[in-house]
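Line order of the protein sequences matches chains R and P.
Once you know that position 96 of the first sequence is 96 in my numbering, the rest is easy, because the numbers rise by one and skip nothing.
Once you know that position 56 of the second sequence is 1056 in my numbering, the rest is easy, because the numbers rise by one and skip nothing.
Don't read these hints as lab results, they were simulated from the structure.
The beta-carbon is built from N, C-alpha and C at its ideal position, and this holds for glycine as well.
Please note that the accuracy of each hint is not assured.
Okay, the calculated beta carbon distance ranges per label pair [claimed, not checked]: (1) Gly1165(P) / Pro180(R): 51 to 59 Å; (2) Pro100(R) / Leu1066(P): 42 to 50 Å; (3) Arg96(R) / Gln1041(P): 43 to 51 Å.
Per the computed footprint, the stretches of chain R lying under chain P, defined by three or more beta-carbons under 8 Å from a beta-carbon of chain P, are [said to hold, decoys possible]: (4) 98-110; (5) 170-177; (6) 207-220; (7) 248-256.
Each chain is listed here by its residues.
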Amino acid sequence: MRHRLFATGVVLFGIVLVLAVFADVLAIAPPEKMQVRFRFRTPEWAFPLGTDNFGRDIWSRLVYGARLSLAIGFGVVVATGIAGTAIGLAAGYFRRLDNPLMRAMDALMAFPAVLLAIAIAAALGPSAINAVIALAAVYTPRTARIVRATVLVVRETEYVQAALACGARHYWIIRHHVLPNSLAPLIVQLTFIFAYAVLTEAILSFLGVGPPPPTPTWGNMIAEGKDYLREAPLLAVFPGIAIALTALGLNLLGDGLRDVLDPRLRVQHG
Amino acid sequence: MAEYVVRRLLAAIPVLLLVTLISASIMQLVPGDPASMIAGQNASQIEIERVRVELGLDRPYGERMLAWFAGLPRGDLGRSILLQRSVADAILERVPVTLALAGFGLLLTIAIGIQCGIIAALRANTWVDQAVLVVALAGVSIPNFWLSLMLIVLFGVMLDWLPAGGYIPFADDPLGWARSLILPGISLALLQIGLLARITRATMLEVLRQDYIRTARAKGLPGLLVIGKHALKNVMIPVITVIGISFGLLLSGSVVIETVYSIPGMGRLLANAVFGRDYPLIQGGLLVTAATLVLLNLVVDLLYAVLDPRVTFDRG
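Isolated chain P, as found in the complex (with noise of 0.2 Å):
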């Protein structure tokens, strides 16, 4: 095991700096002059070449990635133009917001998605099973910038029962603020319950046909007793390994959900950043994001060993 995880972590090296490396040379990407681009039409050639210097851009590309590579270890990721100031400062700033919305998600991506998952394979092939089968559908083919937006209209300005946009911190209002995660929490989570109901729903499907649902149900354990102890527990590897998945389109989610109810969060402060070609503030959201997700995937795949003893991670 401990081998294992050494050796997942010395094989995640390589793709943490590949990714480091496209992050940084986004930039690489601009047409033409990107300093220019990035000063805007009406800038001073002054104002010009004063960006150029703030973004290295007089220096070579290899001297400049060096520079950035050499800063990571003291978690210096630059100064953001728009912002003028650390990067690394305004992204930590925002992620506890971000964790907050993505997390509301998961809990009710968890909570609705396995039930209907469960309850759909106990009653396949019935209009419970195909109502499910529906809403999964519905969650894959709707964008979801679009659903707020219908949300926003309908629950917030024509019903007006829950806030339209806007973030209200914990400690502020503990009610508030889980009003202002609702709306959002649901457009982030619907595409997501959908996959998590499909897959459980499937595995459930397998798993009821085995021998040892058989034997407990012959031997005349209560049928919830069945479900809940002996076919839930081999239903949940797979769908750790969705819900591992979801979490990361969760985060990916936030930039355009954030954006449509105006949340504070990593996402919305990256969206700007892009609206702005701060350039610096891309690189590291982006470094950020993708490393997360990276060290998240190496979580999830611990974790079936934790849950599955006949997973075992010896060479061979």
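With the rest of the complex left out, here is chain R (with noise of 0.2 Å):
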């Protein structure tokens, strides 16, 4: 069960990854091109998917939101990753950073995700990059929380308390000791945020203070969609599947690294 699971996210992933890579061949027309004398097609040949309220064709433009939607959340994930780890290191390892820097984490993460996530987004403009600053901030202190906690376990080790007494630098101890140690629960973290990130995203765009339309995002094609639910629901459907596989996908493949990476935490299973 555990293994057809995991399985199951590196297919939907990897599907998606293909999509989002080869959007260029996959898609059938470009996706931002109006053919209004082809508005709500029903799927057929010529579009697969159908086309929507501007006659463009659902398909095309789905494999390019899978493109902006893993570039939007990889970039968050590179981003998270980073600050996340340099906020959890210095905080673990310098004792006199750590009030400080937690402090700060513990603020930004009292806020509702979701509603901070939107508040910096609609600050700093409607925009992909904006979109990926505003939920890095918001994910960054979930980030440097677990790599702080792994730090503190590390810090006291004996092995390296002899690196100390042997006189290494604490540059040479985080590099070879701590990092290698904090790794795994940060790409089982990095993972589940990769999935937050995919829905969070398709959020600020369905409110309207991500990427602006017509750019392809799938938040963008469920918001479009809303308004000719009743005549043509298609339009709503598709992106919404996508999304909901994409982060199915990353979850299972999380639940499957966690399995792996970091046995501490495995769910326990019958």
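Take each chain as given, in its own frame, and dock them per the hints.
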């Protein structure tokens, strides 16, 4: 069961990744090309998933949406990984920095994630880069907390104490002992953050503070489809399924990685 | 215990101060001149200046922060630009609606989530267990705003069983009130139900392996009593944590859900504030929600002590 779920996660994420990477090849029309003659087509040979209210091909918009969603998600993962690791390391390793850094992280985490992301994205202005910044600001504290927790444990181990006694520099200890040990929980956490980022980016787009239309993001497609739910529900159905499958793939991947990389956190099964 | 409460309250103060500072600094992120951005593209110079004075942007940052902090003890969160009234009043007016929605969501979460988790644990590795897992995975993967739209189409439009949006105050029509909360409540709760079911299942499996459960069974206690009395009490500790987190997530989710279902609560108020660039309202709303969550976490921590006599709060 475990392995099957993990395999499902790999396959789902793999499919979305292929769609995103080969969007240029897989799309049959430019994602922003409007053909008013072909508005609201139901799925047919020329338009595999039908067309939207501007006569744009939904399939083509979907694959370009995959590219943007994954790009933003990956951007958030990289930014969060770097910032979270830096802050977590500093707080965990250097005691004097611990209190101020972690109180700041607590304060950021006190805000509801979605609300803070919306407020920051709206203040910075709607764009893909600003969505990445807003989401990274929201998810960095969670990462920092996990890195710090591992660092606190590793720091007290005998091998680190021994290295210190031998006169090793802090930089050397962090690179050779602390970082490698923090990696496993970090990777697991970042996989889940990837999933949250895809979901929350869709919310930002849906509410109009993500990359502005006519950019083909999944959130934008749902926002546009929202006005035609009665006549053409498929406009909103397909991008929603795309988001759900992507998030599901990443969640399954994260669960599986956690079982392999971080046995301490393993959920008991049967 | 009393010492612990005081210590936790004192520790919450720097976090609350930082939360206040962050809330009040969101406007600093606006690129260029916030006053002309907020006034809009077609605003005249006079209008821009009026907005600048109204927001206090004509004064230096430090002075503005001091004024903001000075107002807080009086419950003064500033004046909303859009509504032209006190931010605190506008928020207070909406709180009951959001609490009703979040409370209903929490009720669904607890009622369904814990049940599902217990059943999944008792029937571990059967199709029932797997069905619960599928629901849990769906909950964390399906975007709730999209789920809302689908539920509206299905139950509000096609089947016409439930209202497709809007909110009916309890005082006007209690039945209508409950009906208006069903779809948004489900949309809001699905994620939490999944999380709670999974954590309940995992803890339950752990507890069922304990010696005292075997003893209880061996001395011939009925199965329901073993689960209901001996096991459930021990399952509640982690579950309470998740419920605390859940309530925070429900408050957070209400921004999106209230917007989709046109429910006049705090979430929709804040969403509109964001779209209308009403920064005093955004800042006040951020502060109120974050402060609520900080206090909520404190309450959850204190609940541990009540539920689990093994948890003590002595230093040491």
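Here's how the hints hold up against the structure:
{"no.": "1", "hint": "Gly1165(P) / Pro180(R): 51 to 59 Å", "result": "holds (52 Å)"}
{"no.": "2", "hint": "Pro100(R) / Leu1066(P): 42 to 50 Å", "result": "violated (22 Å)"}
{"no.": "3", "hint": "Arg96(R) / Gln1041(P): 43 to 51 Å", "result": "holds (48 Å)"}
{"no.": "4", "hint": "98-110", "result": "holds (count 6)"}
{"no.": "5", "hint": "170-177", "result": "violated (count 0)"}
{"no.": "6", "hint": "207-220", "result": "holds (count 3)"}
{"no.": "7", "hint": "248-256", "result": "holds (count 3)"}
Of the numbered hints stated above, those contradicted by the structure are hints 2, 5, listed in ascending order.
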